[in-house]
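Enquirer: Residues per chain are reported as follows:
Protein chains: 2
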Amino acid sequence: MNIALIGAGNVGWHLAQALQAGGHTVTAVYSRTAAPREELTRLLPQAQPISSLNLQSINAEVVLLAVPDAALAAVAAALQVKPGTLVAHTSGSQPLAILAAVAGARTGVFYPLQTFSKTKAVDFWQVPILLEATDDETLQQLQALAQSISNSAEAVASGARKQLHLAAVFACNFTNHLLGISRQLLQEASLPHHLLQPLIRETIAKAMQQHPYTVQTGPAVRHDQNVLDEHLYMLQRHPELQELYRLLTQSIQATAAAQ
Amino acid sequence: MNIALIGAGNVGWHLAQALQAGGHTVTAVYSRTAAPREELTRLLPQAQPISSLNLQSINAEVVLLAVPDAALAAVAAALQVKPGTLVAHTSGSQPLAILAAVAGARTGVFYPLQTFSKTKAVDFWQVPILLEATDDETLQQLQALAQSISNSAEAVASGARKQLHLAAVFACNFTNHLLGISRQLLQEASLPHHLLQPLIRETIAKAMQQHPYTVQTGPAVRHDQNVLDEHLYMLQRHPELQELYRLLTQSIQATAAAQ
Numbered sequence: 379m380n381i382a383l384i385g386a387g388n389v390g391w392h393l394a395q396a397l398q399a400g401g402h403t404v405t406a407v408y409s410r411t412a413a414p415r416e417e418l419t420r421l422l423p424q425a426q427p428i429s430s431l432n433l434q435s436i437n438a439e440v441v442l443l444a445v446p447d448a449a450l451a452a453v454a455a456a457l458q459v460k461p462g463t464l465v466a467h468t469s470g471s472q473p474l475a476i477l478a479a480v481a482g483a484r485t486g487v488f489y490p491l492q493t494f495s496k497t498k499a500v501d502f503w504q505v506p507i508l509l510e511a512t513d514d515e516t517l518q519q520l521q522a523l524a525q526s527i528s529n530s531a532e533a534v535a536s537g538a539r540k541q542l543h544l545a546a547v548f549a550c551n552f553t554n555h556l557l558g559i560s561r562q563l564l565q566e567a568s569l570p571h572h573l574l575q576p577l578i579r580e581t582i583a584k585a586m587q588q589h590p591y592t593v594q595t596g597p598a599v600r601h602d603q604n605v606l607d608e609h610l611y612m613l614q615r616h617p618e619l620q621e622l623y624r625l626l627t628q629s630i631q632a633t634a635a636a637q
Numbered sequence: 379m380n381i382a383l384i385g386a387g388n389v390g391w392h393l394a395q396a397l398q399a400g401g402h403t404v405t406a407v408y409s410r411t412a413a414p415r416e417e418l419t420r421l422l423p424q425a426q427p428i429s430s431l432n433l434q435s436i437n438a439e440v441v442l443l444a445v446p447d448a449a450l451a452a453v454a455a456a457l458q459v460k461p462g463t464l465v466a467h468t469s470g471s472q473p474l475a476i477l478a479a480v481a482g483a484r485t486g487v488f489y490p491l492q493t494f495s496k497t498k499a500v501d502f503w504q505v506p507i508l509l510e511a512t513d514d515e516t517l518q519q520l521q522a523l524a525q526s527i528s529n530s531a532e533a534v535a536s537g538a539r540k541q542l543h544l545a546a547v548f549a550c551n552f553t554n555h556l557l558g559i560s561r562q563l564l565q566e567a568s569l570p571h572h573l574l575q576p577l578i579r580e581t582i583a584k585a586m587q588q589h590p591y592t593v594q595t596g597p598a599v600r601h602d603q604n605v606l607d608e609h610l611y612m613l614q615r616h617p618e619l620q621e622l623y624r625l626l627t628q629s630i631q632a633t634a635a636a637q
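Residue numbers (this note's numbering), protein chains in the order written: chain A, 379 to 637; chain B, 379 to 637.
Please keep in mind that the hints were generated in silico from the structure rather than gathered at the bench.
Among these hints, one or two may not hold up.
Computed from the model, here is a short list of chain A residues facing chain B with C-beta under 10 Å [to be verified]: (1) 417; (2) 437; (3) 475; (4) 493; (5) 542; (6) 545; (7) 573; (8) 576; (9) 589.
For clarity, every value in this text was computed on a predicted model and none was experimentally measured.
Every residue gets a Cβ at the ideal spot worked out from N, C-alpha and C, and that includes glycine.
Taking the hints into account, I'd like the entire structure generated from these sequences.
Expert: Rendered as structure tokens:
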């Protein structure tokens, strides 16, 4: 397929390369500022960098929108495509209906459920792609596209996708932040961060095998008040971490009590 | 070495089997109630289950205490050993000095930095063991013991070990809880939990390679207020999760602002 990509951020960066590796042709890359589209099209021999959202003269049956959620409505309103073009966005949190503004297009969602950074390679075959479309034919087309770059493609409606995105914020964004806090605490004691890596690996391996609530360990679930008090005392120079510690402890205890 | 184990909970369970596999002999297992010591000694051919903390007639050069932190002071006060016995506790948060109460013993700390559940096997060779002792000879003895069951043994003083334990609560206990919340949110939308596994694996792999603060993604760090508001709205039936979401979002934003 000939595909135009709107957005050259973290998602667009990896998606474009996966599409190319999957045998598709990325014919154009749009970004608001010049540098990202120039940088990405250097990796895509047949793609031209474009600075306009009027794509009526671009050779593309599919247009994928990989722009920040907050920009999606404005981009959809400004986008112009040939009649019958398949336009899909890649957002976990935005509804399919946000693309209703694109005149003459068939619309869908093509959401790769993964965290992307330009600096780290991603095996796209392992990335679940969640799909939605206004009609069955469009859905089948998106399914074929997804299956050409990933082992896992599933139709998920907007409501469920939103809930999945919320769950992903807890599992990914918030978890990453806690790992960052833990690394900061090690740094403050001049301890090497590799010391905690086996523990982190085991925590995740265990949480994949069993429901995490059933394997919760640590001072909170044991109601070990001496340790809890001491930890809060140790965090006195970080009042915001103290509050986080207190709230997470309460939440663990409330969850255990409800089991 | 001949080793007596005080405590047959999650830590004692795995430690006893690692020591036996490392060529040592566990000669006795104490637990407060009968069932845990009976269960564990069935796996240790030369160990007797014991119900008294008077170990003066037990054949053991080393006594390892794997009891809950909250019980450690009372167990140390009640423990009686032959003069010169090496007594070490396995706690991340308790000071070496808590063992000063054990009359006639040389004392140390033997802290395996890992999360243990009886239901899940652990490769002890990958578990860092953090050591501390009142004198160099005792430290060397603990080092030899640790190196016979793990690839990673390091001397860490009480203060640094406490900070490490605090960091581990964030990296392990709190992270596990967030993964539990995420699984609960998937269940509420009847979504299969395997959908999030590639994302969780990638999040952790990335956090091991780079400082997590530098690879933070998601609506909080992007200040994507529409998504943040919607997520808070979606959590309205879980006010405690709403509060957690709000506080973690604030913490991510404050951290990013301080970078």
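Enquirer: All hints are to be evaluated individually against the structure, with a verdict given for each.
Expert: Results for each hint:
{"no.": "1", "hint": "417", "in the structure": "violated (19 Å)"}
{"no.": "2", "hint": "437", "in the structure": "violated (32 Å)"}
{"no.": "3", "hint": "475", "in the structure": "violated (14 Å)"}
{"no.": "4", "hint": "493", "in the structure": "holds (5 Å)"}
{"no.": "5", "hint": "542", "in the structure": "holds (6 Å)"}
{"no.": "6", "hint": "545", "in the structure": "holds (4 Å)"}
{"no.": "7", "hint": "573", "in the structure": "holds (5 Å)"}
{"no.": "8", "hint": "576", "in the structure": "holds (5 Å)"}
{"no.": "9", "hint": "589", "in the structure": "holds (6 Å)"}
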